[in-house]
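Undergrad: Construct all of the structure, not just a fragment, from the sequences and the given hints.
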Amino acid sequence: NSPAPLPERAIYGFALFLGSWFGFILYLIWAYVPETWLFSLGLTYWPQKYWAVAVPVYLLVAVAIGYILLFGMNMMSTAPLNSTHTITDNFAKKQQQKKFQEEAIPALRDIPISEVNRMFFLPEK
Amino acid sequence: SCRELAVRGPRLQLRSLSAATSAVWLAAYGLFAISENSMVLSAAIFITLIGLIIYLHFVKIDQESLLVISSLGIQVTSSYASGKESTTFIEMGQVKDVVINEAIHMQKVIYYLCILLQDPEDPQGVSEVVPLFQSSKPRLDCLIEVYKSCQEILEQRKTPPQSS
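Those sequence lines, one after another, are chains A and B.
Position 106 of the first sequence, counted from 1, bears residue number 111 in the numbering used here, the numbering being contiguous throughout.
Position 102 of the second sequence, counted from 1, bears residue number 170 in the numbering used here, the numbering being contiguous throughout.
Bear in mind the hints are in silico, worked out from the structure with no lab data behind them.
There could be a bad hint or two in this list.
[Unchecked claim] With a straight-line cut-off of 25 angstroms between C-alpha atoms, the simulated BS3-like cross-links for lysine-lysine are: (1) B/K152 <-> B/K226; (2) B/K128 <-> A/K98; (3) B/K176 <-> B/K128; (4) B/K128 <-> B/K205; (5) B/K176 <-> A/K99; (6) B/K164 <-> B/K205.
TA: The structure is reproduced here in structure tokens:
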């Protein structure tokens, strides 16, 4: 699954490029060419031209609301100050204490907050 | 033995009080100029007075204090600007430790002092966290002083009291 260029990827890219240009030209024709000209060509079943302006505006407002929504969701999922999630979690509660071996590096574990505080704020002489 | 540690918040400033009052009265005068209804002015005076009383009695905390008695427990008192005091007492059997914890609060990481309550089933676990000094939110240097003081008292509860 490397991101290297492949012949299939080149074909997909070119097809998407042509497709997006076609879609854009079609959108411009629909938005700008007067209805009478389109009717005279026999193309009568188009959506209302109101949507040519409404859909981009809807999308931009949705993006702006998305910024605010993401910010709000982040704030909501932050643990409040009085919850135990600021101190520990399920993995830390269930951790096993490995036996202390001489001359070996101690095993990695979650140090309880009381111990950490003592080390930081009560300097032993 | 026992110790009491108190943190005082800033007093109500005269300039913020006058700024808020002027803003409300200017808005009311603007409404009066538009609507020609004089009840707007008396309503504004009423709102200012009631709002000030509610703020002083329910919102503005002047001093928060922590009373640690090693054999009995910990008492947390908040005194409001109107003179109201609300206290909470936690007995020593439930207190596991008093620590300085860091947490994310409103796009900042703050240090705050909190009491860890013991979980009755699990001696190593914490059942509840009680944050202290929530309205004055002192900074780390003040918290370290309070922490050291509390730890000295809490150490005395493990050693049985010597009879003199």
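Undergrad: Check the hint pairing B/K128 with A/K98 against an upper bound of 25 angstroms on the C-alpha distance.
TA: Status violated; Cα separation ~39 angstroms.
Undergrad: Given the hinted pair B/K176 and A/K99, is their Cα-Cα distance within 25 angstroms?
TA: violated (30 angstroms)
Undergrad: Is the straight-line distance between the alpha-carbon of B/K176 and that of B/K128 25 angstroms or less?
TA: holds (22 angstroms)
Undergrad: Under the criterion that the straight-line Cα-Cα distance not exceed 25 angstroms, is the pair B/K152, B/K226 satisfied?
TA: violated (35 angstroms)
Undergrad: Within a Cα-Cα threshold of 25 angstroms, do B/K128 and B/K205 meet the stated pairing?
TA: Given pair B/K128, B/K205 holds - Cα atoms ~13 angstroms apart, limit 25 angstroms.
Undergrad: Tell me if the straight-line CA distance from B/K164 to B/K205 falls inside 25 angstroms.
TA: It holds: about 22 angstroms lies between the C-alpha atoms, which stays within 25 angstroms.
Violated hints, in rising order: 1, 2 and 5; the structure is consistent with all others.
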